[in-house]
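Trainee: Here is what each chain is made of, one letter per residue.
2 protein chains.
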Amino acid sequence: MSFPCVDALESRSATLRQQAAASASQSRTESSSSSGPEPSYTVGATQIFHSTSPLLLDHGGQLVEFDIAYETWGEMNADRSNVILLHTGLSASSHAHSTAANPQPGWWEKFIGPGLALDTNKYFVICTNVIGGCYGSTGPSSIDPSDGKRYATRFPLLTITDMVRAQFRLLDHLGVEKLHASVGSSMGGMQSLAAAVTFPERVGRIVSISACARSHPYSIAMRYVQRKAILNDPNWNRGYYYGQIPPHVGMKLAREIATITYRSGPEWEQRFGRRRADKDKPPALCPDFLVETYLDHAGEKFCLTYDPNSLIYVSKAMDLFDLGRENRLAIKAKRVERERALKEGGQGGYQQDACSLTLPDTPYEEQPEEHHDEFERDGLGFGGDLASGGSSYSGPGQKPPADLVAGLSVLWDHPVLVMGVASDILFPAWQQREIAEALKMAGNRNVAHYELSEEQSLFGHDTFLLDVKNVGGMVRNFLG
Amino acid sequence: MSFPCVDALESRSATLRQQAAASASQSRTESSSSSGPEPSYTVGATQIFHSTSPLLLDHGGQLVEFDIAYETWGEMNADRSNVILLHTGLSASSHAHSTAANPQPGWWEKFIGPGLALDTNKYFVICTNVIGGCYGSTGPSSIDPSDGKRYATRFPLLTITDMVRAQFRLLDHLGVEKLHASVGSSMGGMQSLAAAVTFPERVGRIVSISACARSHPYSIAMRYVQRKAILNDPNWNRGYYYGQIPPHVGMKLAREIATITYRSGPEWEQRFGRRRADKDKPPALCPDFLVETYLDHAGEKFCLTYDPNSLIYVSKAMDLFDLGRENRLAIKAKRVERERALKEGGQGGYQQDACSLTLPDTPYEEQPEEHHDEFERDGLGFGGDLASGGSSYSGPGQKPPADLVAGLSVLWDHPVLVMGVASDILFPAWQQREIAEALKMAGNRNVAHYELSEEQSLFGHDTFLLDVKNVGGMVRNFLG
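So the sequences go chain by chain: A and B. Heads up: the first sequence is residues 1 to 480, going by UniProt numbering. Heads up: the second sequence is residues 1 to 480, going by UniProt numbering.
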């Protein structure tokens, strides 16, 4: 029996192996110290800000110097008061809109421009590539200045707030004291909130779309299996694949899994139903139903255009995102300790190896009240009693935890637009309700919260990319 | 940086390689033709029915002979009228309840017994292992009698109806003309309906829990990425891994993905929240949050106890499940043609290779009304207009398609219990509403439909394993 979808992956591995060998051979000829060709992840022209001032990271790592690649639209006014910082989703680049230098349409092409959601007649819009990514800002595929080799998995663990601190270095460089607004969707909506929480006096208005104030376990789980797909790929090689075959097989699967979370079951039911790619052929285990070929296609397009290590680091930053008070205090204490140690020339307890990816010493055990035997899924003893569960659940009809209200209380007076989509399975609508409710409980009377119903959008998480009328319209109205 | 979770997988591969080598060495000494040790997938004692009469399969394959491993509880009455056939989920075995031969608790231990949901004072309960599986019934890990070697991926593609036909061979063997009831959850709920549709005169009552009458694209997608995780594992070796290292790495990931679909986000929010396995350790990319260690544990327990090829074949059978009229007619026509050809000694157009796993010749393309450029996710041109989509969607408030009503119309007078759970993301509640509505539209006035609300259960798809009170209670009442 033949397996053409497996053949195709093996064939690509063979091609990539040849390319890597040819490139290594050329490097030797040129006596270059490079371990292979620079991956061409950066697409199109950007501006680059190079910071030579070290960036201390939340979990103790440090970037001694770093780049931020960015693009802009509109004109900055004289007092630099019309600046909007637009944050990206996980895999999106700074190319939110076409530019003179790069005429390709951007991912928010219809949302940016004269009279549009981000009105370039009024505002100067900046979009950056996040650190940790691979579109020109410093990330795992960048050269570590300490030894001239790529960071790979020597790159330190990042948080969403680290990304924001790097962005504000760029704002410092541009002489922007205060943003008119911080705007973002998905991971960008996390950054948008994190920017205001971290620099409350430097952010005027906040737009957070299809995001959250703390990642919930379902979204962590979906990103975890994506990372696992990459780690499972033998070509991942613990992150050291630059100049060799990248883990394109695992990366493709990771993107296929991710794509499942970006839309909604009902949308697929309507769009694909049970249609097969070719109903005259017998059933197949390689892509067969139309929804399978759709996923295959999404993975195929992505697997060599984004750095797998960036996916690992940036998705982990999303998992770690928690604007609750307890987490913010813990990070703050860690930073203070580390800053003091760095001044004194020490490490402040930080070791790169301490960031190693450790399994817990004991395997996962069910909670004590849940009798656990070898039949895990039968859950004997659960008995359907949910009342004894943890207290952190903030589902429909429940109040946000006090920890989150306290963590967001610094935003007690910022105008905030929070939007969610009922069909979103990755950042479910209760997470945006949670943001809005927590802000209101913190005393904020300037919170606008909208939730698009399933009748308004079945596009799930991707709605923010598609719905110019509802999403774009509300953003424009809010920004004024 | 160290990666203990990757180390652990590599270490297991090394151990399995040694075991395989030792076993092969022993086989040579014994002059055995076996390619390695029989995998010990079968857990505990079962009864075995061996059929020497060939089983023609829906998509043209044929099992010349086959085994059905099964277990029973209660006593068959004199006229054999008190038999309940209980169908399993994808990975469950026939061990639904402890037996004298195997005292381990079964997966429905609290649902079977005197006075329980399946009352063994009244009924004789049979649970079989499906063909295609690995618990003693014939599947890809079985020996092909034609050459004495394991089938591996030479095994023919299966459907849910094929599984049911094999089960009814067992009923023939036991002298059971008509079932009192066909009962099942998840894939078992598909089989339960398929049994009655295929043999309407041999099934009295039908119980279908957390199942569907046709798989929808979201569930196909979730199973597709599980299969992909296995196919991606180099040890899968196109299915020929018996006697070598099984694709335990891919299998573990497949189970982790599956586990995500078995519960619900809100349940995890309540159960795990953002708790980490060890909050005193720095963040890690290997399992770190409690939800990650939970998934890791689920994958770990499963990856060597179920045959990866069985997961591929059985999950594909679930994807192919469609009780709609068009599909039933197409399969029927194929069977008639093939039966005639077999009688005449030919192949009826069937070739094992024609069942090869083919990629479509052209990659997936968006629908014509959806302008498609290299920015797939920006969906330029979608414009939020869902009205132009396909007509097969049967979401909340919509009617089941006429094709499905026609396909189920043979069940116009069977008493049917249909149950669903609002928090189920794999078999969402609209799919059970669809079954119930389609049956009612076909004229059936004996349909009982219950939907457990999120207040009643946050356990999602797994509710059928856990909720003795609601699920068990309703089954008992229905069976009388």
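Since the hints were derived computationally from the structure, they do not count as laboratory data. Misleading hints may appear alongside valid ones.
Each pair may be met inside one copy or between any two copies, as identical chains are not told apart.
[Said to hold, decoys possible] As a list, the in silico DMTMM-like pairs of lysine to aspartate or glutamate whose alpha-carbon atoms are at most 20 Å apart:
(1) 334 with 280
(2) 469 with 451
(3) 469 with 109
(4) 399 with 326
(5) 469 with 454
(6) 279 with 326
(7) 149 with 109
Trainee: Run every hint past the structure and note whether it holds.
Mentor: Consistency of the hints with the structure:
Taking the shortest Cα distances, residue 334 and residue 280 sit within 20 Å of each other only across copies (12 Å), while inside one copy they are farther apart (62 Å). Taking the closest pair of Cα atoms, residue 469 and residue 451 come within 20 Å of each other only inside a single copy of the chain (14 Å); across copies the shortest separation is 35 Å, beyond that limit. In this assembly of identical chains, residue 469 and residue 109 lie within 20 Å of each other by CA distance solely inside one copy; the values are 13 Å within and 54 Å between copies. For the identical chains of this complex, residue 399 and residue 326 are intra-copy neighbours only, at 18 Å inside a copy versus 49 Å across copies, given an alpha-carbon limit of 20 Å.
Taking the closest pair of Cα atoms, residue 469 and residue 454 come within 20 Å of each other only inside a single copy of the chain (15 Å); across copies the shortest separation is 32 Å, beyond that limit. Taking identical chains as interchangeable, the C-alpha atoms of residue 279 and residue 326 lie at most 20 Å apart only when they sit on different chains, with a minimum of 12 Å there against 55 Å within one chain. Taking the closest pair of Cα atoms, residue 149 and residue 109 never come within 20 Å of each other, the shortest separation being 36 Å inside a single copy and 58 Å across copies.
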